[in-house]
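**Q** Residue numbers (this note's numbering), protein chains in the order written: chain A, 684 to 938; chain B, 76 to 397.
Derived by calculation from the structure, the hints in this document are not laboratory data.
Quantities reported herein were computed from a predicted structural model and do not represent experimental measurements.
Just so you know, not all the hints are guaranteed correct.
[Unchecked claim] Computed spacing ranges between beta-carbons, pair by pair: (1) T223(B) <-> T858(A): 33 to 43 Å; (2) T766(A) <-> A113(B): 46 to 56 Å; (3) S791(A) <-> T208(B): 43 to 53 Å; (4) S280(B) <-> T844(A): 47 to 57 Å; (5) T223(B) <-> A896(A): 26 to 36 Å; (6) G830(A) <-> H289(B): 29 to 39 Å; (7) G175(B) <-> A728(A): 25 to 35 Å; (8) E834(A) <-> E133(B): 28 to 38 Å.
[To be verified] Stretch by stretch, here's where chain B covers chain A in the computed footprint (C-beta under 8 Å, at least three residues): (9) 729 to 741; (10) 781 to 787; (11) 867 to 874.
Glycine included, every Cβ here is placed at the ideal spot set by N, Cα and C.
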Amino acid sequence: MQHKTGGRDAAVSDIVGTVLLIGVTVALVGAAALQLTQAGTPEMAIRLAMTATGNSTAITLLHAGGSSLDEGQLNVLVTVNGTRALQTAAGPVGARWSVGNALVIPLSEPLPPGQAEVTLVHVDRSEVLATAAIYFRSNAAALTPAGFTLEATLNGGVNSTITAPGQVLATVAVTHPDGRKMVRYVFANTTGVDGPSWAALRDDGTHGDAAAADSTWSALLAVPFSSIRGDRTLGFTAVDLAGASASTTAMVNVV
Amino acid sequence: MIPKRLTARKAALAGDERALAGAIGIILMLAVAVTVYAHTVRGNIPVYGEQAEHAWDERVSTAFQDLGRSIAGGISTGAPVTGTIPAPPPPEKISLPFLGSAGPVAPAGTVAFAPACTRASVLHTLGSGQIVTDLAGGSNGCLTFHATTLYSPPFGYAIEMGGVLRVQGQSAVILAGPPLQLDPATPTEYRIALALPGLRGSAASASADSADVHVDVVPGPSASEVEQEPNAARATWTFDTSHPAAWKTWLDARFVQAGLVASRASPLPGQSSSDYSIACVPVDCSTAAGGGQVNVVIEGPRTDMQDIRLSITYGLADVSIR
Numbered sequence: 684m685q686h687k688t689g690g691r692d693a694a695v696s697d698i699v700g701t702v703l704l705i706g707v708t709v710a711l712v713g714a715a716a717l718q719l720t721q722a723g724t725p726e727m728a729i730r731l732a733m734t735a736t737g738n739s740t741a742i743t744l745l746h747a748g749g750s751s752l753d754e755g756q757l758n759v760l761v762t763v764n765g766t767r768a769l770q771t772a773a774g775p776v777g778a779r780w781s782v783g784n785a786l787v788i789p790l791s792e793p794l795p796p797g798q799a800e801v802t803l804v805h806v807d808r809s810e811v812l813a814t815a816a817i818y819f820r821s822n823a824a825a826l827t828p829a830g831f832t833l834e835a836t837l838n839g840g841v842n843s844t845i846t847a848p849g850q851v852l853a854t855v856a857v858t859h860p861d862g863r864k865m866v867r868y869v870f871a872n873t874t875g876v877d878g879p880s881w882a883a884l885r886d887d888g889t890h891g892d893a894a895a896a897d898s899t900w901s902a903l904l905a906v907p908f909s910s911i912r913g914d915r916t917l918g919f920t921a922v923d924l925a926g927a928s929a930s931t932t933a934m935v936n937v938v
Numbered sequence: 076m077i078p079k080r081l082t083a084r085k086a087a088l089a090g091d092e093r094a095l096a097g098a099i100g101i102i103l104m105l106a107v108a109v110t111v112y113a114h115t116v117r118g119n120i121p122v123y124g125e126q127a128e129h130a131w132d133e134r135v136s137t138a139f140q141d142l143g144r145s146i147a148g149g150i151s152t153g154a155p156v157t158g159t160i161p162a163p164p165p166p167e168k169i170s171l172p173f174l175g176s177a178g179p180v181a182p183a184g185t186v187a188f189a190p191a192c193t194r195a196s197v198l199h200t201l202g203s204g205q206i207v208t209d210l211a212g213g214s215n216g217c218l219t220f221h222a223t224t225l226y227s228p229p230f231g232y233a234i235e236m237g238g239v240l241r242v243q244g245q246s247a248v249i250l251a252g253p254p255l256q257l258d259p260a261t262p263t264e265y266r267i268a269l270a271l272p273g274l275r276g277s278a279a280s281a282s283a284d285s286a287d288v289h290v291d292v293v294p295g296p297s298a299s300e301v302e303q304e305p306n307a308a309r310a311t312w313t314f315d316t317s318h319p320a321a322w323k324t325w326l327d328a329r330f331v332q333a334g335l336v337a338s339r340a341s342p343l344p345g346q347s348s349s350d351y352s353i354a355c356v357p358v359d360c361s362t363a364a365g366g367g368q369v370n371v372v373i374e375g376p377r378t379d380m381q382d383i384r385l386s387i388t389y390g391l392a393d394v395s396i397r
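Please model the entire structure based on the sequences and the hints provided.
**A** Rendered as structure tokens:
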């Protein structure tokens with residue numbers, strides 16, 4: 684009788700033990716799965732493209748594409764010539780800054796002249812979202828950035844004497860401090876040889892341009908028969924994406 | 076002493092338990108594997124998807140800006156250009172042991188040409204008050220790109236009236252405008268030059284989902300209204316577009332940058348009280364009716380004087396998509 688009772692107890696203990704172990708394992712796996720799935724939501728990158736312009740009274744940041752942002756989560760830092768000149772909140776909490784909208788940062792006084800770098804920081808994420816450069820001169824208007832220069836050559840520098848009517852190959856080497864892609868277009872003013880005031884130069888390896896995307900822009904410019912003979916001036920202007928321009932001239936002898 | 080029958084039952088029970096434990100163990104291992112896979116996929120696929128969409132966005136942006144620059148330059152040189160809108164880059168995939176790989180859904184996009192989506196009218200007023208039409212209802216045609224994305228906001232681009240726009244939903248921004256030179260050279264004379272390329276061709280579209288789309292642009296004859304002497308007292312430009320707010324913002328920024336003022340509080344005797352004005356129709360620049368209009372008026376520095384040297388260049392280019 685005693686043996687019988689002891690054997691029944693032993694069988695029950697095995698089953699209870701197994702069930703308990705399975706329960707503990709299921710609970711552990713479930714907890715791990717729950718934690719994995721909840722903690723696994725990734726933080727997506729914030730993408731932002733921005734352009735900046737400025738004058739004596741304000742800096743204007745234009746949202747040029749990417750995420751819509753809460754202005755209250757953004758800080759604007761401005762350094763001029765490497766020195767911190769301004770740090771301010773971009774706007775009130777809840778105001779949305781989205782594509783095509785301008786964010787105007789008023790200036791209590793004009794910033795010192797020089798190259799300003801505007802940095803937009805996301806406060807919660809402590810992350811720099813975008814930077815942009817502005818150039819301030821003494822009257823705090825945007826000016827041609829330092830290093831934005833042109834060097835013009837006619838007919839490869841071999842011969843600048845043209846018999847009218849004829850063509851002259853104009854080649855303009857453009858240097859921009861922010862890189863080749865900042866240059867929007869380069870054009871020639873050929874009114875000095877009785878031509879049009881607007882003739883585009885190219886940097887695509889065609890129409891007299893030796894190589895594409897090498898920052899050397901070229902065009903074959905017509906010198907009409909009606910050109911006044913003698914030393915004449917051709918003008919060249921490059922305009923960048925920020926609207927700044929740089930110019931140079933070259934002399935051509937029309938015979 | 077344990078009876079024989081009881082010993083046999085106990086042995087059978089232990090065997091059943093071992094079989095059950097093995098089955099449960101396999102199920103639990105599978106459950107853990109599925110959980111880990113799900114976690115990996117859930118964590119990384121949206122990130123890889125967003126990265127692929129962003130990379131495509133940047134490539135298309137570069138392609139559109141290069142094409143826009145070529146179109147603007149082409150009206151004076153007459154040079155044909157071909158732009159290539161790239162297909163989306165293949166997104167990074169996750170390798171799952173025993174199951175192969177899993178990756179994000181690739182974005183889709185369409186390049187389209189609409190021949191009558193914009194309209195520009197350019198006039199100037201002489202000192203005598205006579206109005207001269209430089210361009211009437213020209214600079215039509217838009218080349219557009221629209222991407223359908225899953226992991227980031229949808230994006231698009233457009234080339235219209237020589238400008239390159241980025242479009243996100245109902246909002247847009249001009250990344251690069253048409254060639255516009257504003258030069259308030261002296262207090263008594265302004266120099267303004269504007270080029271407005273138009274695009275023409277049949278309405279067409281092509282999918283950029285899996286292969287590059289090529290856009291051929293062949294400039295036709297162009298015309299220039301070039302003046303060496305001041306030829307206008309006022310310039311009036313009207314642009315019909317789907318993105319009036321973007322054009323107004325861009326023009327306003329360019330005018331301010333050039334030193335022109337919208338309102339002069341204390342004009343000197345003989346000085347214009349305003350260099351320019353930009354207004355939208357409807358006034359809030361909304362595009363609820365499918366489009367809007369931007370009206371620009373530029374005044375010379377002196378009232379009722381012919382003191383603007385205005386140069387307008389316009390031309391048409393044939394567009395085809397393949």
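**Q** Now tell me, hint by hint, if it's right for this structure.
**A** Going down the list of hints, with the structure as the test:
no.	hint	verdict
1	T223(B) <-> T858(A): 33 to 43 Å	holds (40 Å)
2	T766(A) <-> A113(B): 46 to 56 Å	holds (51 Å)
3	S791(A) <-> T208(B): 43 to 53 Å	holds (47 Å)
4	S280(B) <-> T844(A): 47 to 57 Å	holds (52 Å)
5	T223(B) <-> A896(A): 26 to 36 Å	holds (31 Å)
6	G830(A) <-> H289(B): 29 to 39 Å	holds (36 Å)
7	G175(B) <-> A728(A): 25 to 35 Å	holds (27 Å)
8	E834(A) <-> E133(B): 28 to 38 Å	holds (31 Å)
9	729 to 741	holds (count 4)
10	781 to 787	holds (count 5)
11	867 to 874	holds (count 4)
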